[in-house]
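> Protein chains in written order, with this note's numbering: chain H, 4 to 539; chain X, 63 to 731; chain B, 2 to 171; chain W, 52 to 162.
Rather than coming from a laboratory, the hints here were simulated on the basis of the structure.
Worth double-checking, as some hints may not be accurate.
Going by beta-carbon spacing under 10 Å, a handful of chain H positions derived as facing chain W [said to hold, decoys possible]:
1) R157
2) A178
3) G189
4) S195
5) G206
6) D239
7) V440
Don't be surprised by glycine CBs; every beta carbon is placed ideally from N, CA and C.
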Amino acid sequence: MVDDLLLISPLLIVTVMGLVSLLVGVFAPAGSFKGWLAFLTSFGFLAALGACYMLWHETSAGAAFSSQSFHYSLTLDHFGLALCGVILLGALLATLTAVHYLPAQKSDHAEYYALIAFSALGMMIMVMAADLLTLFVALEVMSISIYILAGFKRDSSFSTESAMKYFILGSFASAILLLGISFTYGATGTISMREIGLAVAGGDAHSELALFGMVMLIVAFGFKIAAAPFHMWTPDVYEGAPASVTGFMAVGVKAAGFGALARLLLTCFGAPEYRDGSAVSWETLIVILAVISMCAGNLMALAQKNLKRMLAYSAIAHTGYLLMALLVVPASSDGEQALNALGGGLVFYLLAYTLANVAAFGVAAAVGARGVEDAGEEAYAGLAGRDPMLAFALTIAMLSLLGIPLTAGFMGKLTLFGELLSSGGGEYLWLVVVAVVNSVVSAYYYLRVVMVAYMQDESAEKPIALLKSAPLRVAVGVAAILTLVFGIMPNKAINASTRAGYSLVHTSNPATYGARVSAAKPAITSTVEPKDVAHR
Amino acid sequence: MQTGNAVESADFFTHAELLPWIVLLPLLGAAINGLFGKRMSKGAVTFFGVGSVVAAFVLSCIEVSRLAELESGALASTLWTWFSSFELHIDIAFSLDQLSAVLLLVVTGVGSLIHIFSIGYMRSDEGYWKYFSYLNLFMFSMLLLILGKNLLVLFVGWEGVGLCSYLLIGFWFKDMPKAEAGQKAFVTNRVGDLAFLIGAFILLFYSQGTLDFHELKQTAASMHTDQPVELTIVCLLFLVGACGKSAQIPLYVWLPDAMAGPTPVSALIHAATMVTAGVYLMVRTNFMFSASETAMTVVAIVGAATALMAATIALVQNDIKKVLAYSTVSQIGFMVAAVGVGGYVAAVFHLMTHAFFKACLFLGAGSVIHALHHEQDIRKMGALKKKLKVTRWSFLISCLAIAGIPLFSGFFSKDEILFTAFTTSHWGADPKMYVFGMLLLAAFCTAFYMFRLYFLTFEGEYRGDKHTWDHAHEETVMNIPLMVLGFLAAAGGLLGLPHFTHAHFLHGWLQPVLGFVKGKAPDGTPLEFIQVGGENAFTYVHDTNTELMLMGLSVLVAAIGILLAWRLYKRPASELPKAPVDAWWHRLLSNKYYVDEFYDATIVRPLRGTANLLHKVVDVGLIDGLLVKGPAKTLGKIGDGLRMFQNGDVQAYATVVVVGMAAALFFIV
Amino acid sequence: MLEQILFWLLAGGAILTAAMVVLPPVGRNPLYGALSLILSFFFISGLYVLLVAHVMAVLQVLVYAGAIMVLFIFVIMLLNLSDKELGQSRKTTAQFIGVLAVSAIAVKAIMVVSSATGSKALMAADAGFGTVDGLADLLFRQFLFPFELVSILLLVAVIGAVVLAKRRLT
Amino acid sequence: MTPLLASMSQTAIPLSWYLAVALILFAIGTIGVLTRRNALVVLMSVEILLNAVNLTFLAFARHHDNMDGHVVTFFVIAVAAAEAAVGLALVLGIFRHNRSVNVDSMTALRN
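Excised from the complex, chain H in its bound form:
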């Protein structure tokens, strides 16, 4: 039992941090402990990151859960751990951003930190979930926490409205997700992902019913990851929510949604006839969603004047790029073949995306903390003169999102597109071309922000007071520096992502996963070592 708890230690640490925050919030006198609380929570996230790091080294890439207690519900593999790392990083930086932002917004309540912790918990479980029920509950933990965080600025009608919109559409999407789970359950008689995969691959499932469920699941996750045409909530919610929350929402929800969607599709519907069979295939659907998302996101972003709203459309465009990563992972993977093309691009791209967005929203928080958040881009005019460091970080973030070399974003795109080309035998060359053309178009709106920050003079009549916050600067600075580091020396991170991709291929393949046995017996540990993917 102790072993089991060790295996979920990142989850436990985050949960405990959330509970401690709540208790401190209740018993501490108003306004006295909030700063400490943020550091305590950050420390918790750091500890959880450390736990993830240790587990990473303890886990062989192909290992399933090697103990009894939770093996039905969780899959502990490198893929899940890597995404947990990304999520925790996002949560950590979002927490630091909030330390002085919340007081400036007059919303300094201890519950903020608890909710960040709990939503991070939900996200982490989402990417580890091994059955659809756990996945659903984790998704609800995440979503409900985020709904509340979006409306955290109670005094702002924008914030409340964004929360309400997110809530209505989100709970509708949850219902669609449930219907999808239900149809999948109906087609296969089980809610364990692996058994669904076996039934689907073995032809035991009713295919129309399973396909119906599959489409519903894709729609529901498409909503969470903001894939067009299920993206409509994104701009309104991103704009209305407090900037520190939006930053976390943009990166965490996306990482969790993509992680869960990738695992779900590959484990449950990895069988060739569901994947890239003639007409019925999720690959086709993903390709369509990817193209619509990147085109719609980029086109709409061109017209935006508000940084947060622009980043929302940018998030939609990046969903399009990220969806391409799902096409990379090979349908059947036995050892060598899998090495040619893995889903490592997904993990690395999410990492790059997380860092850039945290930096960008951090700057948005600093600029908007004094209540001009809803103003347009003129609020950023002359930022370079007012605060060169923030302007520099914003520039790095924009260049990374744009995909300029020597930033992590460039390496992310390179990995992603390179993998896609080498996996499909050139089949998806056209998609890569579409994506590259889109990233060229995106230069317009990303660079405009940089230009406004550097070129224009600050508007004279409305001088904006920047938020002076050391933790925020640390968060933004760390994100910007890491963006550069992962752009200049990305090899280790890319290798780790490749390992993560490998483990996803391995654990999601019913045949290589190691038999999942009936309730009475303990699970069998699968300890297939992968070939060292890092070196040729």
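Using the hints, position chains X, B and W against chain H.
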């Protein structure tokens, strides 16, 4: 497949420790000035900004002399593995071979001079530190581009110089049109980069995971036999990339607009270094171009057409920098055409001499503009030879060089291009003659418009206002670079004396990279041919008589051009010929063949129109009008213009989700 | 026969009362809608009984009808909306298209499920099916982890209600 | 098990009938979400959706003779309670700002 190459690479390359420092020093300078420059004195900013580049030049000289001592191979230095996973292995690595050595010396040398010139030109500017920081950042990117051992490092530099040129054009000024010029430059460049990237991806697909230039030679050889079509596609995509960076048809439109930046920047980026990056790329991958006849043909035609077109536009421009800008486009067209006819050495030679005389011309223009308080219209200049002596002489020397007057550098390099185009065995006689003819005509135009510029600026009488004239003067710190560049513009041609002298130094120097082998044809005439491509190798014949005849022809053409300009423009102000503004040809030329308008009509406006249509139809129309307000109000709503996609109605959003879901369901199930 | 009659009564009742929530005449006043919804929940719990899901039927009445709907009615009473604040219902093309798409999906789904499961009647349930024993066994063994997780979820909901609904602290 | 309940479990009603009822309920709920302007009614429509899904889960559970569906239903009820609490709190928040719970009033965020 990696191991064989790796062993060979290890043998081929000699380790060089100083190489990374050549690249890193300017980066260091940029970082110091960028981070602390605001608080440092101008002297300190100058020290780091200029010193780092000069130091890089010194290091370059040391390394190039080491390279010269090597018996074979090249210098290389690997910093760290950038990227190594599944099929791909890419290092952050630099290499210095004979080709990059030429560019390295040109870039660091001319770069140093322009940095020194900038001390004077930018002295009174409040953004002094920012300027040097960007300029150093540019040098860093350019050096990455030149020294990159593989295509990806080159691409980093490639993107970097584009970004820096954007920064230098756009950040400098507080008004929007100039910023938009920067954006136009950047986006046009991005179109080229896009083609380059796609080409690199295709190449990667066939090269088994390497992008190292040394190893790509095998790829090119195998693709020549197995995938000739793909090879041609890659070459053409690289050509588009080069067109973006080197301002060739159809992507040249950004360069004249880029003149909005400070003049030393125009000299450095838009004349001497960045714009030649496309030529460098094609020469660097010469083994691929040589193996694809189609690609070569397209390259030659693009180059020659650009050379002629830009030269004709330059005939009627009145802004001193615009003339030089179109002249640059035209001269790079010469280089590209040289690549297209297989004259890689000629291309590199002209690239070098052009860097000298064009940098000198731009700096001279800068000196004039500086002296006249930012007056750029040559109609308001004249007689400046009395005030700006050093400028005048260096400008005159450069004009003679670019016009192709014997013994000046441009004469030798331009002549070699013409000679190569005339004698190449690469294609049949007819198309070859078109290329040759276009280049010759362009050479005539060049001589004419350059001397028109010279006479209007420095001779005749002064046509501007008196006050400015009284204050016009030169500065020493700006004169030194002018003198050095003027000397180089005059003497640079000695590196490549005509072939009949058998003293073409550059030819021998570049031989290890460009793979020329000297030999004799069956009938005894000396040949030179390129190895790559086996039976596709092409020759050009050395015939002293032909060479001398061509020289005579081009001197004649240049002389006529100069004399014509002299007759027309060396006159008092009242007798200057009136521009025939109503003539159709004048309108065509002064409107630059309406290319900007053409792009506006075919690309920019449709794109903007699509975006607006999306707003009007999808946003306002479909969602707001059709879906929410009911069809009756739709039409009235469309006029509202920029009301956008999202109308804030959460239930309309939900409807989109449901409709999307229905579409997906009916599509899949 | 008895089952069939029961089924039709319960199913018809559930659909009718649910429709009354959504259709304007009754649902226009949210209070009537809520009452109608409670009725619908009772009918649905009857269907649960037919499906041999007795525990769920009980929970349905206890939690849904007993707790959740009471919360709804609380809020409705608290807001005490006047007729004017209820707003006019309006027809838009969006609604029309949405209803069309929903109907299409529903028809398609019904076709799929009927072809998937046929008209074959359900087999007799095993002994122990639907009992508290069976449910508890699953909940505390196989689904222990999500069970624990749901406690976090409820905690989050409590926090959320407090954070969002209470008046300013300071 | 009482005889009455036992006789009920011998039902002769096909699975698809239950599913059809559930899907009709789901459609009704969706229409409610899409068309009703009162945020409270929209929330109630979401409850209908969840009930419809529960019905399908129980029907499938009965079909497969496998109680996983019951467990899911159990959790869905818990989740519904949580969602209702948060949703109603948000409605109160919206009412505080707008003096209305009308969906139409929530259009401050738009392009």
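> Compare the structure with each hint and give your call.
Right, here's what the structure says about each hint:
no.: 1; hint: R157; in the structure: holds (6 Å)
no.: 2; hint: A178; in the structure: holds (4 Å)
no.: 3; hint: G189; in the structure: holds (4 Å)
no.: 4; hint: S195; in the structure: holds (8 Å)
no.: 5; hint: G206; in the structure: violated (17 Å)
no.: 6; hint: D239; in the structure: holds (4 Å)
no.: 7; hint: V440; in the structure: violated (24 Å)
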